[in-house]
Structure formats: structure tokens, C-alpha cells
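Chemist: In case you want the letters, here they are:
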Amino acid sequence: DAGITQSPRHKVTETGTPVTLRCHQTENHRYMYWYRQDPGHGLRLIHYSYGVKDTDKGEVSDGYSVSRSKTEDFLLTLESATSSQTSVYFCAISGRYSNQPQHFGDGTRLSIL
Amino acid sequence: DQQVKQNSPSLSVQEGRISILNCDYTNSMFDYFLWYKKYPAEGPTFLISISSIKDKNEDGRFTVFLNKSAKHLSLHIVPSQPGDSAVYFCAASAGSVGSGATNKLIFGTGTLLAVQP
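Those protein sequence lines, which keep their order, are chains E and D. Numbered according to the numbering used here, the first sequence spans residues 294 to 406. Numbered according to the numbering used here, the second sequence spans residues 12 to 128.
It should be emphasised that the hints constitute simulated quantities derived from the structure, not laboratory data. Computed from a predicted structure; not experimentally measured. Where hints are given, some of them may not hold.
[Said to hold, decoys possible] Straight-line distance between alpha carbons at most 25 Å, and here's what the computed BS3-like set of lysine-lysine pairs gives: (1) E:346 x D:115; (2) E:350 x E:304; (3) D:16 x E:350; (4) D:65 x D:79; (5) D:65 x D:115; (6) D:115 x E:350; (7) D:48 x D:79; (8) E:350 x E:363; (9) D:115 x E:363; (10) D:79 x D:67; (11) D:82 x D:115; (12) D:115 x D:67.
The task is simple: from the sequences and hints, build the whole structure.
Modeler: Structure (C-alpha cells):
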């Protein structure tokens, strides 16, 4: 297994509260990614990072922010959670080149009531 | 607009037979394609990939075929086993090796494969 740990694994919270999800890797990989998985949509990229303090938006970035202060940690923050952000969130890592596959963590199931 | 499409939400096959999962794409800039397998409550697991310079890649029971003119790829599993029952996602990215490409993946919606004993 790729050394990826996501925390928490499950979270239930209320609309309007801030939420932070953590992804921790032990592989020293340069690239890290946050995806969300929803029925009928597959996995969609939220944000990604190509190095410490280097991040960029994916296709569904509205309402989310990220930070990467260390190679091993990539945080996803919902500043004010909404019910539409109820989803399963996956973190992934990959090496430098585009012909290297991404490896995924086991996900965080987030419910916003 | 869905750039990567898996038009079959589910597929059922008998153990020992061939499973064929299909994927279509619209973006001609895609040059790297992957298949992932996902069990419930787990993250996707990389299965096999293919570069656009090839039309076939094989790894044990798994073979991926790429038809660039049709913008179509398929995953063949032979022989199928009950443990292969899972959701299969195809994914694609645009970029070239060594360019520092971001490897941003676009995923299809998945196909649920059920292998009957």
C-alpha cells in the first residue's frame, strides 16, 4: 500500500461550520491531490499541489481551500460547509512525471447536515 | 461536459469468462490513460495504464486496448474471477513525460462489475 493516511475517516458536521481534512504521505512524493466522489460524477479534482506552498485549482474548487506547508501533509479546508459538499473525499499522490499513476488514500466520508 | 465517459453503469459476467469494460473520451489532447479498481469503503487502486503511443498494454489477466481514431479504450479481464467484482474507473490526462505535467486526471463515472461464481 502507498503510504497515504487520511483523517478523519468519517465526519458529520453542520452547515456553516469550518472543516479541515488532512492527508499525510510517507512516500516523499511531489504531487498531492484532493478529489471528491459523488454518484453520477466519478471522481473530480478539487485542488492539487506540485510542491510545498505550490497549489492550484482543479475542476470543482469553489468553496474549498488547500494548504501544503510540508511535503508530507496536504490539508483541504471547507471554510463554511454546505450540504452540497457532502461527499467522499479522496487524497492521492504521485511522482514527478505524467506517466506515473496516482495512488489514493482510503477516503473521508463527510456528511454536512 | 463529460470528457471521459463510461456508458455502462454495470456489467455482469460469469466466472472464467471475459469481462470487457469500455470507455470513450472526447479530448484529443489526452495522452495517458489509466484504469482503477475500487472496492466499497476503500480508495481506488491503480490497475493498468497505457500511453497514447501504444495501442495495447498487458499485465497478467488485464489488457487495455486504445483506439485513438475512435477515442475509445477498453479493459479486458480474462479469466474473470469473483474477486474482480468492483467498480472500475477509467481516467485520462493530458501532458507529456518529463514536462513537469501536473498529471491532472479526468475520471469516468465508473462501471460496476459483478462476476458471478
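Chemist: All the hints need checking, so say for each whether the structure fits it.
Modeler: So, going through the hints one by one against the coordinates:
1. E:346 x D:115: holds (18 Å)
2. E:350 x E:304: At roughly 24 Å apart (the allowed maximum being 25 Å), residue 304 (chain E) and residue 350 (chain E) satisfy the hint.
3. D:16 x E:350: Answer holds: residue 16 (chain D) to residue 350 (chain E) is near 22 Å, not above 25 Å.
4. D:65 x D:79: Holds, because 9 Å separates the two Cα atoms, which is no more than 25 Å.
5. D:65 x D:115: holds (20 Å)
6. D:115 x E:350: Roughly 10 Å between the alpha carbons, so the hint for residue 115 (chain D) and residue 350 (chain E) holds.
7. D:48 x D:79: Given pair residue 48 (chain D), residue 79 (chain D) holds - Cα atoms ~23 Å apart, limit 25 Å.
8. E:350 x E:363: Distance ~19 Å between residue 350 (chain E) and residue 363 (chain E) Cα, so the pair holds.
9. D:115 x E:363: Holds, because 21 Å separates the two Cα atoms, which is no more than 25 Å.
10. D:79 x D:67: The hint holds at about 11 Å.
11. D:82 x D:115: Within the cut-off at roughly 19 Å; holds.
12. D:115 x D:67: holds (22 Å)
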